[in-house]
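K.L.:
Given next are the chains, with one letter for each unit.
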Amino acid sequence: MPDRGDAPRTLGELALEVRSKNAGPFWMTLEAFMPDAETYCIADALITAELISELYHVSSASLEIFRLPELHVIKVSFPRPVVQGSLHDRDMHAGQHHVPLASVVVP
Amino acid sequence: MPDQCGPPDSVGILVPSGMLGAGFSPETVTRGISLGADVIAVDGGSTDSGPYYLGTGTAKTTERAVRRDLRLLLAAASRARIPLVVGSCGTSGADSGVNWVAGIVNAIRAEDGLDLTVAKIFSEQRAERLIAELERGRIHALPPRGPLDAATLRRCEHIVGMMGHEPIEQALRAGAHVVLAGRATDTAVSAAFALMRGMPPGPTWHAAKIIECGGQCTTNPASGGVFARIDHAGFTVEPLDPDAACTPTSVAAQMLYETVNPYTIREPGGTIEVAGARYIAIDERTVRVEGSRFEPASPYTVKLEGAAVTGYETVSFTGIRDPQILASIDEWAEFFTKTLTERVQTVLELATDSWGADLRLYGYNAILGELEQAPATPQEVGVMLLVSGEDQQTATAISKLANPLLLHLPLPSMRYLPSFAFATSPAHIDRGAAYEFVLNHVVDVDSPTEMFRLEMTEPGDA
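In order, the protein sequences belong to chains S and Y. To get our numbering, take the position in the first sequence, counting from 1, and add 1393. To get our numbering, take the position in the second sequence, counting from 1, and add 1066.
If you're looking for bench data, these hints aren't it; they were derived computationally from the structure. Wrong hints could be hidden among the right ones.
[Stated by the list, open to error] Here are the computed distance ranges between Cβ atoms for each label pair:
(1) 1434/S / 1298/Y: 37 to 45 Å
(2) 1147/Y / 1453/S: 54 to 62 Å
(3) 1485/S / 1208/Y: 19 to 27 Å
(4) 1470/Y / 1485/S: 24 to 32 Å
(5) 1496/S / 1073/Y: 48 to 56 Å
(6) 1447/S / 1499/Y: 36 to 44 Å
(7) 1485/S / 1412/Y: 33 to 41 Å
(8) 1447/S / 1217/Y: 31 to 39 Å
(9) 1332/Y / 1496/S: 31 to 39 Å
(10) 1420/Y / 1434/S: 52 to 60 Å
(11) 1452/S / 1412/Y: 38 to 46 Å
(12) 1453/S / 1206/Y: 19 to 27 Å
[What the hints assert, rightly or not] For the chain S half of the interface with chain Y, some residues (derived, Cβ under 10 Å), not all of them:
(13) 1450
(14) 1457
(15) 1461
[To be verified] If you want the footprint, here are the derived chain S segments under chain Y, 3+ residues with CB under 8 Å:
(16) 1410-1419
(17) 1422-1432
(18) 1480-1491
Backbone N, C-alpha and C fix where the C-beta goes; we use that ideal spot for every residue, glycine too.
Whenever a hint applies, use it, and build me the whole structure from the sequences.
P.N.:
Shown next, in the form of structure tokens:
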């Protein structure tokens, strides 16, 4: 077995950047920017409708997943569970919602 | 702008920054002009900062910063004899925002002796007119929103329609040197002049999307503006900061930014389709894009944005450092909510559905809430209590009732009253009205300009 002590463990560590943002007041979008084709394939296999649905408590039917191998990017959009600016919205720009995805451990 | 005998070979667009009032260096503009800019375009607004700005019709940016940016842009446009287009004036594009920016422009025009014709385009919509459209079946919901009712339209403090390029083109054709548009699509602001000069819609709309956020499409998003040159086969884009670069990846990635779908973007008159676009590096900092398409759609639709008051809010803040409380912080939060709910019912006699509260434990799980996976016991927690009531008096009263709890509430098992660390005196701040975006709908229109009102002003009119 090779020593994997220093190997990346989470998607966030493997990626150039994992980010989230509003796409208008009613949608949120997540993107994983991977450094190369090899890591893109890992992210591609990892990021499924089931995973996002579980991490974000949204129905998989409401998800839109875009796979962009030419950019090494996976993009996922879904309706915001709470509307921007409402009493229970704690992330006005949805700028911190990438963390559950970035924290996923890469198999 | 007099029409020439045929369309020019290309049109150069200077975008000095992603937002009017965000600031840019004077060299940004000088460089853009030296590259042969035919128009300066800048966005003045966004919904991204939340519903407050449309709800109140006030700007996120300050007058001082907007005046500084406009002074540089007006001088450059006047000297180069090219038009300046500002979209979504005053953040929300409400009529008050257009008039606010126009007031600043008029003052600069008078102070600096600029002979410029200024067009204002108003985009605010009256609820009653939209209700008539609703009754005719001409308003449709966009996902995830459901069908609209008249009451929702009447609840809105302000409603704006997002214009396409046509009202801006109309103003330019009427002789405007400066166009101050109400709510407009971010892309229409950059696309209008190029479309008017006969550039093909595919490359023009795609270029407009790439440059609308300024330096965001470069390797250094914090850098200043960008310059795009659109021609009959495609467009090229480069940063105006000599130390930044556009790469095929940085440009292509711009289609991801704040979009639901990276391949298609809906405009009032059709859809930008970039799935077939090719991004080619011309040199180490310039990118050429070809293969973008624009598919016209029928009917022409104008998207609506509306903000309504949801209540009046008060925010309170305290700090907890006591390890005993922090070890059982979930239990404490649950006890807090239960105790506050009971007190509001008994002391203020308010029905539970007439008010709301959001208790946020910053340092523990405030941001992600139930999405947070097994947060560790924190070293300290900032407790924010956000209360919403039907009027300010109610929200304040509930917050004052919560004050002793935010100061002293023990865990249910504790036999003494702890005291927590208020950060300020008083510990609460009244926030006034709170707003929510309530529209995500489009209206079918017969003409792209029918919902927008054009007003031209000459120097001296102001």
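K.L.:
Determine for every hint whether it applies to the structure shown.
P.N.:
Hints, one by one, checked against the model:
no. : hint                        : result
1   : 1434/S / 1298/Y: 37 to 45 Å : holds (39 Å)
2   : 1147/Y / 1453/S: 54 to 62 Å : holds (56 Å)
3   : 1485/S / 1208/Y: 19 to 27 Å : holds (21 Å)
4   : 1470/Y / 1485/S: 24 to 32 Å : holds (30 Å)
5   : 1496/S / 1073/Y: 48 to 56 Å : holds (52 Å)
6   : 1447/S / 1499/Y: 36 to 44 Å : holds (37 Å)
7   : 1485/S / 1412/Y: 33 to 41 Å : holds (34 Å)
8   : 1447/S / 1217/Y: 31 to 39 Å : holds (37 Å)
9   : 1332/Y / 1496/S: 31 to 39 Å : holds (33 Å)
10  : 1420/Y / 1434/S: 52 to 60 Å : holds (54 Å)
11  : 1452/S / 1412/Y: 38 to 46 Å : holds (39 Å)
12  : 1453/S / 1206/Y: 19 to 27 Å : holds (26 Å)
13  : 1450                        : holds (7 Å)
14  : 1457                        : holds (6 Å)
15  : 1461                        : holds (7 Å)
16  : 1410-1419                   : holds (count 6)
17  : 1422-1432                   : holds (count 3)
18  : 1480-1491                   : holds (count 8)
The structure shown violates none of the earlier numbered hints.
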